[in-house]
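Top line first, the protein sequences correspond to chains A and B.
Numbering follows our numbering, in which position 105 of the first sequence is assigned residue number 105; successive positions increment by one, without gaps.
Numbering follows our numbering, in which position 75 of the second sequence is assigned residue number 75; successive positions increment by one, without gaps.
These are calculated hints, taken from the structure and not from any lab test.
Among these hints, one or two may not hold up.
Stated by the list, open to error - The calculated DSSO-like cross-link candidates involving lysine-lysine, where the alpha carbons are at most 30 Å apart (straight line), are:
{"id": "1", "chain 1": "A", "residue 1": "K79", "chain 2": "A", "residue 2": "K57"}
{"id": "2", "chain 1": "A", "residue 1": "K42", "chain 2": "A", "residue 2": "K110"}
{"id": "3", "chain 1": "B", "residue 1": "K65", "chain 2": "A", "residue 2": "K100"}
{"id": "4", "chain 1": "A", "residue 1": "K68", "chain 2": "A", "residue 2": "K57"}
{"id": "5", "chain 1": "B", "residue 1": "K69", "chain 2": "B", "residue 2": "K17"}
{"id": "6", "chain 1": "A", "residue 1": "K110", "chain 2": "A", "residue 2": "K57"}
{"id": "7", "chain 1": "A", "residue 1": "K79", "chain 2": "A", "residue 2": "K59"}
{"id": "8", "chain 1": "A", "residue 1": "K42", "chain 2": "B", "residue 2": "K65"}
{"id": "9", "chain 1": "A", "residue 1": "K100", "chain 2": "B", "residue 2": "K71"}
{"id": "10", "chain 1": "A", "residue 1": "K42", "chain 2": "B", "residue 2": "K71"}
{"id": "11", "chain 1": "A", "residue 1": "K79", "chain 2": "A", "residue 2": "K100"}
{"id": "12", "chain 1": "B", "residue 1": "K18", "chain 2": "B", "residue 2": "K57"}
{"id": "13", "chain 1": "B", "residue 1": "K18", "chain 2": "B", "residue 2": "K69"}
{"id": "14", "chain 1": "A", "residue 1": "K68", "chain 2": "B", "residue 2": "K17"}
{"id": "15", "chain 1": "A", "residue 1": "K100", "chain 2": "A", "residue 2": "K63"}
{"id": "16", "chain 1": "A", "residue 1": "K110", "chain 2": "A", "residue 2": "K63"}
{"id": "17", "chain 1": "A", "residue 1": "K69", "chain 2": "A", "residue 2": "K110"}
{"id": "18", "chain 1": "B", "residue 1": "K18", "chain 2": "A", "residue 2": "K42"}
{"id": "19", "chain 1": "A", "residue 1": "K42", "chain 2": "A", "residue 2": "K63"}
{"id": "20", "chain 1": "B", "residue 1": "K57", "chain 2": "A", "residue 2": "K100"}
{"id": "21", "chain 1": "B", "residue 1": "K69", "chain 2": "A", "residue 2": "K42"}
{"id": "22", "chain 1": "A", "residue 1": "K42", "chain 2": "B", "residue 2": "K17"}
{"id": "23", "chain 1": "A", "residue 1": "K100", "chain 2": "A", "residue 2": "K59"}
{"id": "24", "chain 1": "A", "residue 1": "K79", "chain 2": "A", "residue 2": "K69"}
{"id": "25", "chain 1": "A", "residue 1": "K59", "chain 2": "A", "residue 2": "K69"}
{"id": "26", "chain 1": "A", "residue 1": "K100", "chain 2": "A", "residue 2": "K69"}
{"id": "27", "chain 1": "A", "residue 1": "K100", "chain 2": "B", "residue 2": "K69"}
{"id": "28", "chain 1": "B", "residue 1": "K17", "chain 2": "B", "residue 2": "K71"}
{"id": "29", "chain 1": "A", "residue 1": "K57", "chain 2": "A", "residue 2": "K42"}
{"id": "30", "chain 1": "A", "residue 1": "K110", "chain 2": "A", "residue 2": "K59"}
{"id": "31", "chain 1": "B", "residue 1": "K57", "chain 2": "A", "residue 2": "K42"}
{"id": "32", "chain 1": "B", "residue 1": "K69", "chain 2": "B", "residue 2": "K57"}
{"id": "33", "chain 1": "B", "residue 1": "K65", "chain 2": "B", "residue 2": "K17"}
{"id": "34", "chain 1": "B", "residue 1": "K18", "chain 2": "B", "residue 2": "K65"}
{"id": "35", "chain 1": "B", "residue 1": "K71", "chain 2": "B", "residue 2": "K18"}
{"id": "36", "chain 1": "A", "residue 1": "K100", "chain 2": "B", "residue 2": "K18"}
{"id": "37", "chain 1": "B", "residue 1": "K18", "chain 2": "A", "residue 2": "K69"}
{"id": "38", "chain 1": "A", "residue 1": "K68", "chain 2": "A", "residue 2": "K100"}
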Amino acid sequence: EDQVTQSPEALRLQEGESSSLNCSYTVSGLRGLFWYRQDPGKGPEFLFTLYSAGEEKEKERLKATLTKKESFLHITAPKPEDSATYLCAVQAPRRAGTYKYIFGTGTRLKVLA
Amino acid sequence: EAQVTQNPRYLITVTGKKLTVTCSQNMNHEYMSWYRQDPGLGLRQIYYSMNVEVTDKGDVPEGYKVSRKEKRNFPLILESPSPNQTSLYFCASSPGVGGDQPQHFGDGTRLSIL
Numbered sequence: 001e002d003q004v005t006q007s008p009e010a011l012r013l014q015e016g017e018s019s020s021l022n023c024s025y026t027v028s029g030l031r032g033l034f035w036y037r038q039d040p041g042k043g044p045e046f047l048f049t050l051y052s053a054g055e056e057k058e059k060e061r062l063k064a065t066l067t068k069k070e071s072f073l074h075i076t077a078p079k080p081e082d083s084a085t086y087l088c089a090v091q092a093p094r095r096a097g098t099y100k101y102i103f104g105t106g107t108r109l110k111v112l113a
Numbered sequence: 001e002a003q004v005t006q007n008p009r010y011l012i013t014v015t016g017k018k019l020t021v022t023c024s025q026n027m028n029h030e031y032m033s034w035y036r037q038d039p040g041l042g043l044r045q046i047y048y049s050m051n052v053e054v055t056d057k058g059d060v061p062e063g064y065k066v067s068r069k070e071k072r073n074f075p076l077i078l079e080s081p082s083p084n085q086t087s088l089y090f091c092a093s094s095p096g097v098g099g100d101q102p103q104h105f106g107d108g109t110r111l112s113i114l
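Using the sequences plus the hints, can you model the full thing?
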């Protein structure tokens, strides 16, 4: 069964304290792995797409990496404004010519000043 | 401003009273989709539409209907809502379905069915 699991569920960091969020997945025919940020009362906001093992993407204090079984979102020297829920999703074939998106339940990140 | 707009943002209603949640995008996107988000379950896809011609069931379509009569709009219809449909709903759109075409989400509609 296709599945996406994120850990930890919640994470509290001091400002400047770097850490990593994990997204492990089992899916047949991975087309892409997405990272989103979700703020309270808002919809998910796209951060990165990764396609193949070994790929890395960076944006400001965030860096996403991908292996054949998992992805990491590394947060370097986080600031309070990085506090949010981070969602991971995979895209895989559904039926002929169509695709499905499987989301993890997210990691709630709180960065303390 | 490029955006996906959902209405209403909040709704409290009663079992069996038909309701429609509207979704509109101004980015000329082909692909549109509806999700529900429940604690501990993540976002689950209800229905999706590849384009105006093609609409299909997602992972949790029971109790829902959709309509795609024009490219920009994709309303979600609950013909006879039940309490188990109480949830946070998101509409999303993308140019297509490639990995290089990520979904843009609306800000959500919180439905409470009493």
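30 Å limit on alpha-carbon distance, applied to hinted pair B:K18 and B:K57:
With a Cα-Cα distance of about 20 Å, the restraint between B:K18 and B:K57 holds, given a limit of 30 Å.
Quiz item: Is the hinted pair A:K42 and A:K63 satisfied, with a Cα-Cα distance of at most 30 Å?
Solution: 23 Å, holds
Handout entry: 30 Å Cα cutoff - pair A:K42, B:K65
Key = Distance ~24 Å between A:K42 and B:K65 Cα, so the pair holds.
| said: Run the distance test for A:K57 versus A:K42: straight-line Cα separation, threshold 30 Å. | reply: Judged against 30 Å, a Cα distance of about 24 Å means the pair holds.
- Message: Hinted pair, alpha-carbon criterion (30 Å max): A:K68, A:K100. Please report holds or violated.
- Response: Given pair A:K68, A:K100 holds - Cα atoms ~19 Å apart, limit 30 Å.
For B:K57 and A:K42, compute the direct alpha-carbon distance and say whether it is at most 30 Å. Holds, because 25 Å separates the two Cα atoms, which is no more than 30 Å.
* Asked: Going straight from one Cα to the other, do A:K42 and B:K17 come out at no more than 30 Å?
  -> 27 Å, holds
Keeping to a limit of 30 Å between CA atoms, is the pair of B:K18 and A:K69 held or broken? Status violated; Cα separation ~43 Å.
Practice item. Verify the proposed pairing of B:K69 with B:K17, using a straight-line Cα cut of 30 Å. Key: 23 Å, holds
Query - A:K100 paired with B:K69 [C-alpha distance capped at 30 Å] - result: 22 Å, holds
(message) Check whether the Cα positions of A:K79 and A:K69 lie no farther apart than 30 Å.
(response) Status holds; Cα separation ~29 Å.
Given the hint that A:K110 pairs with A:K57, test it: the Cα-Cα distance must not exceed 30 Å. 22 Å, holds
Violated hints, in rising order: 11, 14 and 37; the structure is consistent with all others.
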